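Asks: Take a look at the letters that make up each chain.
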Amino acid sequence: MAIKNYILVCGGTGCESSKSGEIFENLRKEVTAQGLDQDVQVVKTGCFGFCEQGPIVKILPEDAFYVQVKPSDTQWIVAEHIIKGRPVTELLYDAAKDKGRVRIKDVQFYQKQYRIVLRNCGIIDPRKIEEYIGRDGYSALEKVLFTMKPDDVIEELKKSGLRGRGGAGFPTWQKWSFSKVVDDPVKYVICNADEGDPGAYMDRSVLEGDPHSVLEAMTIAGYTVGAHQGFIYIRAEYPLAISNLEKAISDSREMGLLGKDILGSGFDFDIEIRLGAGAFVCGEETALMASIEGERGMPRPRPPFPAVKGLWGQPTVINNVETYANIPIIMLKGGDWYGSIGTATSKGTKVFALTGKINNSGLIEVPMGTTLREIIFDIGGGIRNNKKFKAAQTGGPSGGVITSDYLDTPIDYESLGKLGSIMGSGGLIVMDEDDCMVDIAKFYLGFTVDESCGKCAPCRIGGKQMLDLIEKIAKGQGENEDIDKLQRIGHAMKRASLCGLGQSAPNPVVSTLKYFADEYKEHIDQKKCRAGKCKDLLSFSIIPEKCVGCTLCARVCPVNAITGEKRLPHLINSEICIKCGECYTSCKFSAILRS
Amino acid sequence: MAKMTLEDLRKLREEKKKEVEKRDVSGKSIEIIVGMGTCGIAAGAKLTLEAFIDELDKRNISNVIVKQTGCMGFCANEPTVEVHKPGMPDIVYGRVDDKIARKIVDRHIVQDRLVNEHVFDKPSTDIVK
Chain W
1 MAIKNYILVC GGTGCESSKS GEIFENLRKE VTAQGLDQDV QVVKTGCFGF
51 CEQGPIVKIL PEDAFYVQVK PSDTQWIVAE HIIKGRPVTE LLYDAAKDKG
101 RVRIKDVQFY QKQYRIVLRN CGIIDPRKIE EYIGRDGYSA LEKVLFTMKP
151 DDVIEELKKS GLRGRGGAGF PTWQKWSFSK VVDDPVKYVI CNADEGDPGA
201 YMDRSVLEGD PHSVLEAMTI AGYTVGAHQG FIYIRAEYPL AISNLEKAIS
251 DSREMGLLGK DILGSGFDFD IEIRLGAGAF VCGEETALMA SIEGERGMPR
301 PRPPFPAVKG LWGQPTVINN VETYANIPII MLKGGDWYGS IGTATSKGTK
351 VFALTGKINN SGLIEVPMGT TLREIIFDIG GGIRNNKKFK AAQTGGPSGG
401 VITSDYLDTP IDYESLGKLG SIMGSGGLIV MDEDDCMVDI AKFYLGFTVD
451 ESCGKCAPCR IGGKQMLDLI EKIAKGQGEN EDIDKLQRIG HAMKRASLCG
501 LGQSAPNPVV STLKYFADEY KEHIDQKKCR AGKCKDLLSF SIIPEKCVGC
551 TLCARVCPVN AITGEKRLPH LINSEICIKC GECYTSCKFS AILRS
Chain Z
1 MAKMTLEDLR KLREEKKKEV EKRDVSGKSI EIIVGMGTCG IAAGAKLTLE
51 AFIDELDKRN ISNVIVKQTG CMGFCANEPT VEVHKPGMPD IVYGRVDDKI
101 ARKIVDRHIV QDRLVNEHVF DKPSTDIVK
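Chains W and Z, in that order, give the protein sequences.
First residue of the first sequence: 1, per the numbering used here; consecutive thereafter.
First residue of the second sequence: 1, per the numbering used here; consecutive thereafter.
Calculated from the structure, these hints are not laboratory results.
Given the structure is predicted, the values throughout are model-derived calculations rather than measurements.
Keep in mind that a hint or two might mislead.
Said to hold, decoys possible - When the alpha-carbon atoms are kept at most 25 Å apart in a straight line, the in silico SDA-like pairs for lysine to any residue are as follows:
(1) 18/Z / 41/W
(2) 472/W / 538/W
(3) 143/W / 19/Z
(4) 58/Z / 36/W
(5) 18/Z / 6/W
(6) 333/W / 13/Z
(7) 18/Z / 83/W
(8) 128/W / 6/Z
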């Protein structure tokens, strides 16, 4: 009997944490209980990207897009949608509901997206190799092994213009050809899945939702450069991604898509997983390889580059997850096709993890050259609570901020570099008027200082000194020459640090200094933090004329710093006050003054 | 699972492709909507639905979405089926049994001709929206 409905349940980590596993089980039970298991197939897929509204359940062929589904809703969904054939309006995504539409096409979140890397996420069950194969999986490998020479693969990559998605944007074809030309019988292929930027989860979602695309691409890389062993270096904090990868690797081995004599072509290739302990510096390629070798994860000077002398001193191709996920489709559709998407210097698409003060947080994929305005306002749905956009941060702790003046810049590697930020791995954090730029700089710098491996002095000492200066400014003890000092140390770190971590660590400070110098000035000269984030510069008091004595503030105060009789104006004891702001947010009469 | 040869892989891909393709709705422009209210089901809409899916599968037509809906209010002529195809008028067919369903695929979907004897109405505008 033919299947009439498909129920796709998101099994990404985001939805899983809000009980999508239980929803999946309930739906399966309910479908069986109704005797519909021959007509309806329930599938657990990878991330749909619309994490803001998870858990997500999508029903085909109607393409009904249900959001924030609860395990208890499942009976209802089956009874209404599957049996009676009418959508459960209450659970449909709001924007679509208003227009009386149910289809995912009508959700603006998806309209401007172009999914290449995420092509299978949310469609296939990542734990079933057959479904990946059904989506043209492993046909790129077939094409490469039987009809293309290694040089053809590199030529195709060159035409595609694909550049490394880990952040630096080095042309992939060049990396591969550097390794290929070295005459050595032992070479390696590595997938860098040590995703560490705060707020970034693109690689995790690809590995969770479409692990085979990475395995296929790594095998193609192995064939091209002449390697027979691959490693995926992934952090142990990604249990679902690891489990899906392990399943994918063992299925591929069983079916002969990994191992000896792949598909009878005579080519051998195998992949192993190596777990990282979650050190940010291990995302740096030389530190990552040291970690695989069992050494302490510390970078070493380059050159020699890994492509020539990498893992255990052998030529090694190392690429990021997203870069690999692009490769099978480039091989299938051709480099020219891929090269037709994007801007002059940056081809293809880029996945971004949208987070921060934005309405639709989630995972999106757009063609290169899309403007920040389109990403934040059209796809992201604008700023939460109708606040004003202040800046967007790209590239995590190695990147910088982009202000509203530059919202219409088409995003590519070069344009972001010009603005003093970087593409980075794809984290995009949106900030509104309540965010203090000194505080943001302090956060990122604090992160890199924590994560610095300490091998080279510029990063180890420079980072700490910069952080001390920023903390001083945030406490209201800053002096004018501190800004100059910050810039000088930042410059030295950029020039002299051993690896990308130290070289880019000053970026958040330098870029906020460039665009928000007035905020730093305010902190130094007027001891004022306009966003109210720097606690040491704040004081809370009660305006007696406005206070009605409702006692709410006294009740919410965690340290009992507020006293007063009922119906009489209250008082805050500033010596006890810890400036948590609870009273400020809870007062219904705007009687609390934050200054 | 044993190790596959190239032929095995190709065979498996073809087999699975049909199934997985149905989940991807992008690029599918034609819709066949079968009325599956109580009246429709009583008149045999389930068989009609199966006939559509089967016939489309047989002919390897993949750009058609087959959907179910509730009662279209045209109970006298059940099973009713609504067909949307770009370049063709939106049509409601009535009294569609499995044979007629296969005929609709053949004429309306493939040859762009209406199955005249079963055209009952253009859908009223509120349904179209």
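Asks: Run every hint past the structure and note whether it holds.
Replies: To see whether the hints hold, each was checked on the structure:
no. : hint          : verdict
1   : 18/Z / 41/W   : 14 Å, holds
2   : 472/W / 538/W : 15 Å, holds
3   : 143/W / 19/Z  : 23 Å, holds
4   : 58/Z / 36/W   : 23 Å, holds
5   : 18/Z / 6/W    : 13 Å, holds
6   : 333/W / 13/Z  : 17 Å, holds
7   : 18/Z / 83/W   : 24 Å, holds
8   : 128/W / 6/Z   : 19 Å, holds
Of the hints listed earlier, there is not a single one the structure fails to meet.
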